[in-house]
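Trainee: As a plain string of letters, each chain reads:
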Amino acid sequence: SQQGEEDPQALSIQEGENATMNCSYKTSINNLQWYRQNSGRGLVHLILIRSNEREKHSGRLRVTLDTSKKSSSLLITASRAADTASYFCATDVQGAQKLVFGQGTRLTINP
Amino acid sequence: GAGVSQTPSNKVTEKGKYVELRCDPISGHTALYWYRQSLGQGPEFLIYFQGTGAADDSGLPNDRFFAVRPEGSVSTLKIQRTERGDSAVYLCASSPEGLASRARVFGPGTRLTVL
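Note that the protein sequences, when read in sequence, are chains A and B.
According to the numbering used here, the first sequence is numbered sequentially starting from 1.
According to the numbering used here, the second sequence is numbered sequentially starting from 1001.
Just so you know, the hints here were simulated from the structure itself, not pulled from any lab data.
Just so it is clear, CB atoms sit at the ideal spot from N, CA and C, and this is done for glycine as well.
Errors might be hidden in some of the hints.
[What the hints assert, rightly or not] Chain A residues, not near chain B, derived (Cβ > 12 Å throughout):
no.	residue
1	Glu6
2	Gln9
3	Ile13
4	Lys26
5	His45
6	Arg54
7	Lys69
8	Leu75
9	Ser86
10	Asp92
11	Ala96
12	Ile109
[To be verified] To give an idea of the interface, some chain B residues facing chain A are shown, with a C-beta separation under 7 Å as derived from the structure:
no.	residue
13	Tyr1018
14	Gly1042
15	Pro1043
16	Asp1056
17	Pro1108
18	Gly1109
[What the hints assert, rightly or not] Label-pair restraints from in silico Cβ distances:
no.	chain 1	residue 1	chain 2	residue 2	range
19	A	Gln9	B	Asp1057	38 to 46 Å
20	A	Asn38	B	Lys1078	22 to 30 Å
21	B	Gln1041	A	Gly16	42 to 50 Å
22	B	Leu1115	A	Gly59	38 to 46 Å
23	B	Thr1052	A	Ala81	43 to 51 Å
24	A	Ser68	B	Val1074	37 to 45 Å
25	A	Asp66	B	Ser1058	23 to 31 Å
26	B	Gly1003	A	Glu55	44 to 52 Å
27	B	Asp1063	A	Ser24	29 to 37 Å
28	B	Asp1057	A	Thr27	32 to 40 Å
29	A	Asp66	B	Gly1016	15 to 23 Å
30	B	Thr1030	A	Ala81	34 to 42 Å
31	B	Ser1009	A	Ser12	26 to 34 Å
Make a model of the complete structure from these sequences and hints.
Mentor: The following block contains the structure:
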């Protein structure tokens, strides 16, 4: 079963704008990860944030984590057409070794 | 190898048939995971191996699904008496250890279509 819910389900913006995607989850976690998927095939790991961290940066990506609200956000700054993809949050649930994915946000960057 | 590989990339079969899907993880990765992804959905966990043993098979939907990893490297997901509802992309991932602190490296997936 899916752990997380992502919001929005779909997002369409102009190239150069910032894109923000949100994720909520239900149980206690060890860490939260964001993945990107093109064309419904293999997922690519983007960034991992541990449960004791609040914010993390990687290039144009910024991730925040609020464990009290059980939520996370992914910000992509200065978006490019090549950022068009589906983005998934996934949680490493405490007491288990499985990564549980949300439903994903389909991001479209218009040139 | 350089990445996780999965074969075949596409598999079309008829309802009731048996299929095997193969996953070749990154060399040295002891943890291996199988996921299933339906159209428009996020990946759904099926089973996790640590070495040769299935440490968590709680995601397998029923007893038609079975997976093995006899030598702790290559894994095979086996589906008996396939049903149309089994149609999905089956993803395999591996990570260096079974610790809950690692990014998973995913393969390109096998798209299974049951007619």
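Trainee: With reference to the structure, classify each hint as holding or not holding.
Mentor: Each hint, compared with the structure:
1. A cut-off of 12 Å between C-beta atoms contradicts the statement that Glu6(A) is not in contact with chain B; the least separation is 8 Å.
2. Interface exclusion of Gln9(A) from chain B breaks down, the closest Cβ pair being 9 Å apart, not more than 12 Å.
3. The beta carbon of Ile13(A) is kept farther than 12 Å from every beta carbon of chain B, the shortest such distance being approximately 21 Å.
4. No beta-carbon of chain B is positioned within 12 Å of the beta-carbon of Lys26(A); the least distance is around 14 Å.
5. At roughly 4 Å, the least C-beta separation between His45(A) and chain B is not larger than 12 Å, which violates its mark as non-interface.
6. Distance check on Arg54(A): its Cβ is at least 17 Å (rounded) from any Cβ of chain B, clearing the 12 Å threshold; non-interface status holds.
7. With a cut of 12 Å on Cβ distances, Lys69(A) stays outside the contact zone with chain B, its closest approach being about 20 Å.
8. No Cβ of chain B comes within 12 Å of the Cβ of Leu75(A); the nearest lies about 19 Å off, and the non-interface call holds.
9. In this structure Ser86(A) is not separated from chain B by more than 12 Å, as the shortest Cβ-Cβ distance comes to only about 9 Å.
10. Consistency note on Asp92(A): stated as away from chain B, yet its beta-carbon is not over 12 Å from all of that chain's, at 4 Å minimum.
11. Not every beta carbon of chain B lies more than 12 Å from that of Ala96(A), the smallest distance being close to 7 Å; the non-interface claim is violated.
12. Under the 12 Å C-beta cut-off, the non-interface status given to Ile109(A) relative to chain B holds; the minimum distance is some 20 Å.
13. The criterion of a C-beta within 7 Å of any C-beta in chain A is not met by Tyr1018(B), whose closest approach is roughly 24 Å, and the hint is violated.
14. Because the beta carbon of Gly1042(B) sits about 4 Å from the nearest beta carbon in chain A, less than 7 Å, this interface hint is met.
15. Among the interface hints, the one on Pro1043(B) holds; its C-beta lies about 5 Å from the nearest C-beta in chain A, closer than the 7 Å criterion.
16. Restraint check, Asp1056(B) versus chain A: the minimum CB separation of about 6 Å is within 7 Å; hint holds.
17. Against a cut-off of 7 Å between C-beta atoms, the interface hint on Pro1108(B) holds, since the closest Cβ of chain A lies about 4 Å away.
18. For Gly1109(B), the interface hint holds, since its Cβ comes within 7 Å of a Cβ in chain A; the closest pair sits about 5 Å apart.
19. Our hint of 38 to 46 Å for Gln9(A) and Asp1057(B) is violated, since their Cβ atoms are close to 30 Å apart.
20. Here the CB-CB span from Asn38(A) to Lys1078(B) is close to 28 Å, well matched to the stated 22 to 30 Å.
21. The given range of 42 to 50 Å is broken by Gln1041(B) and Gly16(A), whose C-beta atoms sit roughly 31 Å from each other.
22. One distance hint, 38 to 46 Å for the beta-carbon pair Leu1115(B) and Gly59(A), holds here, with the actual separation near 44 Å.
23. Between Thr1052(B) and Ala81(A) the CB atoms are about 44 Å apart, so this pair conforms to the stated range of 43 to 51 Å.
24. Distance hint check: the CB atoms of Ser68(A) and Val1074(B) are about 43 Å apart, consistent with the given range 37 to 45 Å.
25. In this structure the hint that Asp66(A) and Ser1058(B) lie 23 to 31 Å apart at CB holds, the actual value being about 28 Å.
26. Here the CB-CB span from Gly1003(B) to Glu55(A) is close to 30 Å, at odds with the stated 44 to 52 Å.
27. The supplied range of 29 to 37 Å is met by Asp1063(B) and Ser24(A), whose beta-carbon atoms lie about 33 Å from each other.
28. Under the hint 32 to 40 Å, the C-beta atoms of Asp1057(B) and Thr27(A), about 20 Å apart, miss the expected range.
29. For Asp66(A) and Gly1016(B), the Cβ-Cβ distance of about 49 Å falls outside the hinted range of 15 to 23 Å, so the restraint is violated.
30. Taken as a hint, the range 34 to 42 Å holds for the pair Thr1030(B) and Ala81(A), whose Cβ atoms sit roughly 38 Å apart.
31. Distance hint check: the CB atoms of Ser1009(B) and Ser12(A) are about 30 Å apart, consistent with the given range 26 to 34 Å.
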